[in-house]
Amino acid sequence: MKRRLMVASATAMLLLLGCMQLMAHDDKIHKATVGEVAAATADGLDLKTKTGIVKVKYSSKTTFELNKKPAGKSAVKLGDRVGVIGSKLPTGELMANEVILGAPAPKAPEAKKEEHKH
Numbered sequence: 006m007k008r009r010l011m012v013a014s015a016t017a018m019l020l021l022l023g024c025m026q027l028m029a030h031d032d033k034i035h036k037a038t039v040g041e042v043a044a045a046t047a048d049g050l051d052l053k054t055k056t057g058i059v060k061v062k063y064s065s066k067t068t069f070e071l072n073k074k075p076a077g078k079s080a081v082k083l084g085d086r087v088g089v090i091g092s093k094l095p096t097g098e099l100m101a102n103e104v105i106l107g108a109p110a111p112k113a114p115e116a117k118k119e120e121h122k123h
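Start counting the sequence shown at 6; every next residue gets the next number (our numbering).
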């Protein structure tokens, strides 16, 4: 009986892990600070977000990605929509670990349906 329980448990675990792999998708953009490039320099950028301008700094370890492929910091252009994954510095700036170019635009809020009245 114990053996059956162990086999059933192991099988369930393997199925669960397999399903998790199938459901995995590139969700790192959900962890990013997303906005539009308001200014770009060699050592960082100003990111215009919903709440204001966020100063972003690059380090020698910052990576850049465009269409899920490596890119250079020269690919960052004024007006581009980007996502930045990084750590907030005590100064309030964001130290970028990764800059994802071509971040999707936010979804427009759905229009409210008017109630039908007679």
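Quick caveat, the hints were computed from the structure, so don't treat them as lab data.
Mixed in with the good hints there might be a few duds.
[What the hints assert, rightly or not] DMTMM-like cross-link-like pairs, simulated, lysine to aspartate or glutamate; straight-line CA separation at most 20 Å:
#1 K74 x E103
#2 K73 x E98
#3 K66 x D48
#4 K7 x D48
#5 K36 x E103
#6 K73 x D85
#7 K82 x E70
#8 K55 x D85
#9 K74 x E98
#10 K60 x E98
#11 K74 x D85
#12 K7 x E41
#13 K36 x E98
#14 K78 x D48
#15 K66 x D51
#16 K60 x D48
#17 K36 x D51
#18 K53 x E103
#19 K62 x D48
#20 K55 x E98
#21 K82 x D48
#22 K93 x D51
#23 K53 x E41
#24 K53 x D85
#25 K62 x E41
#26 K36 x D85
#27 K82 x E103
#28 K62 x E103
#29 K7 x D51
#30 K66 x E98
Hint check:
For the hint linking K74 to E103, the alpha-carbon distance of about 12 Å falls within 20 Å, and the restraint holds. For the hint pairing K73 with E98, the CA-to-CA distance comes to about 25 Å; that exceeds 20 Å, so the pair is violated. Among the hinted pairs, K66 with D48 is consistent with the structure: their alpha-carbon atoms are about 12 Å apart, no more than 20 Å. Under the criterion of a C-alpha separation no larger than 20 Å, the hint pairing K7 with D48 is inconsistent with the structure, at around 61 Å.
Of the pairs offered as hints, the one joining K36 and E103 holds, with about 11 Å between alpha carbons and a cut-off of 20 Å not exceeded. Annotation: proposed proximity of K73 to D85 holds, straight-line Cα distance about 16 Å (limit 20 Å). Taking the CA atoms of K82 and E70, the gap is near 13 Å; set against the 20 Å cutoff, the hint holds. Between the alpha carbons of K55 and D85 the distance comes to roughly 15 Å, so the proposed pair stays at or under 20 Å and holds.
In summary, the hint linking K74 to E98 is not supported, as the alpha carbons are separated by about 26 Å, beyond the 20 Å threshold. Between K60 and E98 the alpha-carbon distance is near 5 Å, which keeps this suggested pair within the 20 Å criterion. For the proposed pair K74 and D85, the alpha carbon gap of about 17 Å is at most 20 Å, so the pair holds. At roughly 58 Å between alpha-carbon atoms, K7 and E41 are farther apart than 20 Å, so this suggested pair is violated.
For the given pair, K36 sits about 17 Å from E98 by alpha-carbon distance, which is consistent with the 20 Å threshold. Proposed proximity of K78 and D48 is supported: the alpha carbons are some 9 Å apart, at most 20 Å. With a C-alpha separation of about 19 Å, the suggested pairing of K66 with D51 holds against the 20 Å cut-off. Restraint check for K60 and D48: the C-alpha separation of about 11 Å stays at or below 20 Å, so the hint holds.
Simply put, K36 and D51 have alpha-carbon atoms about 18 Å apart, close enough for the 20 Å limit, and the pair holds. In summary, the hint linking K53 to E103 is supported, as the alpha carbons are separated by about 17 Å, within the 20 Å threshold. For a cut-off of 20 Å, the pair hint linking K62 to D48 stands: about 6 Å separates their Cα positions. Annotation: proposed proximity of K55 to E98 holds, straight-line Cα distance about 16 Å (limit 20 Å).
Restraint check for K82 and D48: satisfied, since their Cα atoms lie roughly 13 Å apart, inside the 20 Å limit. Using a Cα cut-off of 20 Å, the hinted pair K93 and D51 holds, with the two alpha carbons roughly 14 Å apart. In summary, the hint linking K53 to E41 is supported, as the alpha carbons are separated by about 5 Å, within the 20 Å threshold. Simply put, K53 and D85 have alpha-carbon atoms about 10 Å apart, close enough for the 20 Å limit, and the pair holds.
Proximity of K62 to E41 is assessed by CA-CA distance (about 15 Å); at most 20 Å being required, the pair is judged to hold. As the CA atoms of K36 and D85 are separated by approximately 18 Å, the hinted pair is consistent with the 20 Å bound. Distance restraint check for K82 and E103: the Cα-Cα separation of roughly 16 Å lies within the 20 Å cut-off, and the hinted pair is therefore satisfied. Between the alpha carbons of K62 and E103 the distance comes to roughly 11 Å, so the proposed pair stays at or under 20 Å and holds.
Among the hinted pairs, K7 with D51 is inconsistent with the structure: their alpha-carbon atoms are about 61 Å apart, more than 20 Å. Distance hint between K66 and E98 is fulfilled; the C-alpha atoms sit about 16 Å from each other, no more than 20 Å.
Hints 2, 4, 9, 12 and 29 from the list above are not met by this structure, while the remaining hints are.
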